[in-house]
Amino acid sequence: MHRRDAIRTVSAGLALPTLGALAPDHLWAAARSIHDRIRCTQQDQGFLILTEHQNAVVTTLAELIIPETDTPGATAAQVNRFVDVMLAEWFDDDERAEFSRGLVELDARSANTFGTPFLELEEAQQVGLLRRLDDEVTALRQAEQPTQDHFFSRMKWLTLYGYYTSEVGATEELQQAIIPFRYEPCAPVRRGGSGQWE
Amino acid sequence: MGMRQSTYDAIVVGSGISGGWAAKELTEAGLNTLVLEAGRSIDPAADYAEHEPAWSFRYRGLGDRRSLEQRQPVQRTCYACDEAAAKFFVDDVENPYSTADGKPFLWIRGRQVGGKSIMWARQSYRWSDPDFGANLRDGHGVDWPIRYRDLAPWYDHVERFAGISGEALGLDQLPDSQFLPPMAVNCAEQFVKDGVERRYGRERVITIGRTAILTVNHSGRAACHYCGPCHRGCITLSYFSSLNATLPAAAATGLMTLRPNSVVAEVVYDPETDRARGVRVIDAVTMEEMEFEGRVVFLCASALESTRILLNSKSTRFPDGLGNSSGELGHNLMDHTMQSGATGLVPGLDDRNAYGNRPNGLYVPRFRNVWDEHPDFMRGYGFQGSASRAGWSRGTAMPAFGAEFKEALRQPGPWQMRLNGFGECLPRHSNYVEIDPDRKDRWGVPVLRIHCEWGENERSMLQDMPVTAAEMLEAAGCTNITPFSNDTPPGLTIHEMGTARMGRDPQTSVLNGYNQCHDVPNLFVTDGASMASSACQNPSLTYMALTARACAYVVEQLQRREL
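Protein chains in written order, with the working numbering: chain D, 1 to 198; chain P, 199 to 761.
This is chain P alone, in the form it adopts within the complex:
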């Protein structure tokens, strides 16, 4: 064990969406904060690659297949792990995990300053009162200790800083954000939107995606210039990431110490004070061990990494993992289902096309179990989608070659509209992670074994999505309507959450209503691990709001000397 470092007011583990917010809020409140990031530092000027054209890459953007197969067989299943952005995804050989037989789980991970906020899909939706009340209403999982009204001001707070573009709709099941102007709906999408509105009115609504991308200059960051590949970085800081927004704000306070290459092996529990004393860190480069002390510890390492750290933090008082007196730590793992929906061709508009690469699509807010009760499943799903015209790539599936073929490919293909469902996953004790007793990662830290599969409710919803998507396309007058339903394993939606859930009762949950560990009051978990249910909306905006709210609570408690 290396020598102990000086004590910080706060230690934040992780520098992604949640960690960046914790760093900003805690330092701006005057706390001397250490941010520990397991991965390397990122220099936007050198590492961002969004404007590098295909021909500058050896494999023209197809990726180094052999390297991907050998070093990133899991990560490569994510669409964003391309030739330019593969460096933002972990090396699967250095970062192994196990899965139960017959239960594949694709764990997509980013270990660097900025975490997955560099490559995230940026879709940003508030959760609603029906979402926070769902567990109580139907008895699955435990009741959320908070309701929408508790989080609403914190959604306001994080949205004003992050910048969320979108359209206000006034829907109960999808509350509006503090919006920047919405991105435009293209003419084929407008055609479908109009047709769906004629048939379904307010029941099924199509709106432009709500996204953490600036449509106007905002807080020293430039409006989007529609280049397209956001997951490769953004030198104009136009989309929200911790690297683009919260970490610079935290750095500007002079109170943040950011330490990359710092693998947190465990949270150190002090039996004398019954508190977390700090964290034990392995330097990822030198392999040296050291300990940092903090008055409060925030775990923001991603849902499963934060859970893994807690499961690996064993003591006499907590033999099954820190803060696990309930036995629920690691359990109730959820993700969203995806890849079920329909495609159709939009008639007409042959002389029209969209110009520019809009890094955003359409959204259909949840409509199942909103207006009435569905006989086959609880809760619901939303659709994401878009309409576009294929370019040259369709030529690989067309007959012919030669000058006429080349000329034909100058014209775009037909307008195709796609709707893709994102379904809520119920919290179930039987979906869980544990420490694999036989495997360690490159830094000697025991790894997770994941047991996760979709349940009946999710499968039932997956059957409904192609039907309702096809109904909407039919209502709009689309042709060649093709329903699809692909059984993608959990994990791939990268909305994994729930393994250190919030709840009212310390007997059945790990965290209280302020993301504070029931058992260890100076320990907070504010990333996806804390979620008590999954709703069907993309969850990152809620992690931001929960983190900011927990930080304000910590600052208040410290001022009252109650922490």
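Excised from the complex, chain D in its bound form:
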């Protein structure tokens, strides 16, 4: 390698912030411009793994867990799309299979109890079914058994995570500030708790 090549490599590596040239106000301008270019990855695209039926069940379950109230719910936050990405790319084969089996079993339970698939139930009946599943998770927890593999436990985790980390959840429900600008050590309780971090 020749010296000028080495120097070229060196120059390419110099992307240091320059002190002195930047007053704190300028740093803030830079911070804001970066904040402004924050990308949003939610797009209307096809689903990676969820079938049409699975998507409809997942969407319904998520909205039952975090419904629309005075703020939007899980459907508006597109929790179903988060579940799709996580199932396709994040969960391992066993976890994915268990989740799919859980969806099948939900319909089976619904058919056994009410004679129709889950999506065709009245909302009160759906809530009743979920309550039983939720009680199973609580029983596991009280017996100090692992809960994460229980279908409803996993669905609830996905829903909460998908909702509160969505733009809708973070900005409308939690009213979080990405840059709080200050630390108040003894503030009145407000929605959004302590800020961005959970």
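Think of the hints as simulated: they come from the structure by calculation, not from any bench. Here a beta-carbon is modelled for each residue, glycine too, at the ideal position from N, C-alpha and C.
Ranges of calculated distance between the beta carbons of each label pair, as one might list FRET restraints:
#1 P:GLY300 with D:THR113: 49 to 57 Å
#2 P:ASN678 with D:GLU68: 34 to 42 Å
#3 P:ASP549 with D:PRO117: 43 to 51 Å
#4 D:GLN148 with P:ALA366: 41 to 49 Å
#5 D:THR138 with P:ASP548: 20 to 28 Å
Restricting the straight-line Cα-Cα distance to at most 25 Å, the calculated cross-link-like pairs of lysine to any residue (SDA-like) are:
#6 P:LYS285 with D:VAL85
#7 P:LYS391 with D:VAL189
#8 P:LYS391 with P:GLY675
Covered stretches of chain P (in silico footprint by chain D; criterion: 3 or more residues with CB under 8 Å from a CB of chain D, positions within the stretch not fixed):
#9 373–384
#10 554–565
Please arrange chain P on chain D, whose structure you already have, making use of the hints.
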């Protein structure tokens, strides 16, 4: 071998906490300095991601699990290796190392301009006279060749530039820094602090963490805006990193040449002069080999990387690694224990919460073996902790769902206070690193095999931490007090140090009191490798001070033509 490059006054290997300081001090003294960084360059405008919200990440901050499992199985064990910051941690496949059977060691590494100073936890504490005198006092390790008074002016020097916020306490075991105003203690923490003060007075003290984060504008860098995730970078330069502070200062002198993608394979020893001639470098991108020459060489590549370079620098004079006539090179590896302490609930204050993301916690300075002698162990530990109220995430472990459940999650959970001990590790010859004869990294450089485990003294301290933490929470009137003690492997605290220790005797140590190699006078090691003991305080501030002090010594020696 590629052609030789021109000679520099100084070569600095590594661009993190220590390398950044070496670059600044040496260039500001007028030395033409080459800084070699094994990893890529970082562009803060493009690479920092602290203001990107969770929804902008595909996995909402949970990380690309498959990539982490396949490429970063070690790095992912560090809390900071998240979806935004995983790029600041090494690829474990390209950067392998071995461990002895039954002795796991988690080696957390950052290879880029800025090194781990981009993701470090920023806690900054001076070491004390009791710390520098500990080895002599109880006979473990070798006596430090310096005392607190030797380093105190250099702590002053680096703190004034870096900016350390904190509260002065006047404690012998934890000397005060040159402080910027402290961050605030929240109301639940104040409750615990008051209760502990009532019971323990000056014996056990709770103070706000001392941190390298600006609470006021300082030296062209802006005060913290409490966004929270410092480990993803900081576009306002509010926390100290080499990338945010020392490297720009070095660049401003016009005397720094910074060369990223430069893997230093060895320090080249010249038998004719009995000096280090320079370094042999492999370009990380082109794989070309080249050599750079320098009048002095500073190794600041991180404790274990600097040690690895020396172990790989073999010659007839130094068949077991450069500067290893003592046989101590690679030995006496230490880290701090952590994950032992207690949690408790703070009563009341239901209508109060903290607002903003304070990137700092509380600190309890060491109190064991300070006021009296503990029957079960030597030395001591400090606690780090904080009080906070859980938000929505607690809902995953709560029963119920639906509108009322959603409404309930708008209220924060109870105030929880946590104290987590950081314990001193004794220097032991049997904890060591060596070159693995069978493995090389992506660039063909032989890798380390690490042999490290906690000893009886550390385990004994780990048993004491939950007890004293619970005592303090009890004294404060907390409820639901839950002691914990998790046996985390060494390495994970990322305070690894000691493998090229300083000492008075060349027979038993690698470096002298100026971080200068006993065997090779123009070779300096100023990162964690140089530590003769581990104290229990976070060590980076001490690396900064040692580096600045060694640089001043080098400049003086060069002026006297004694180097």
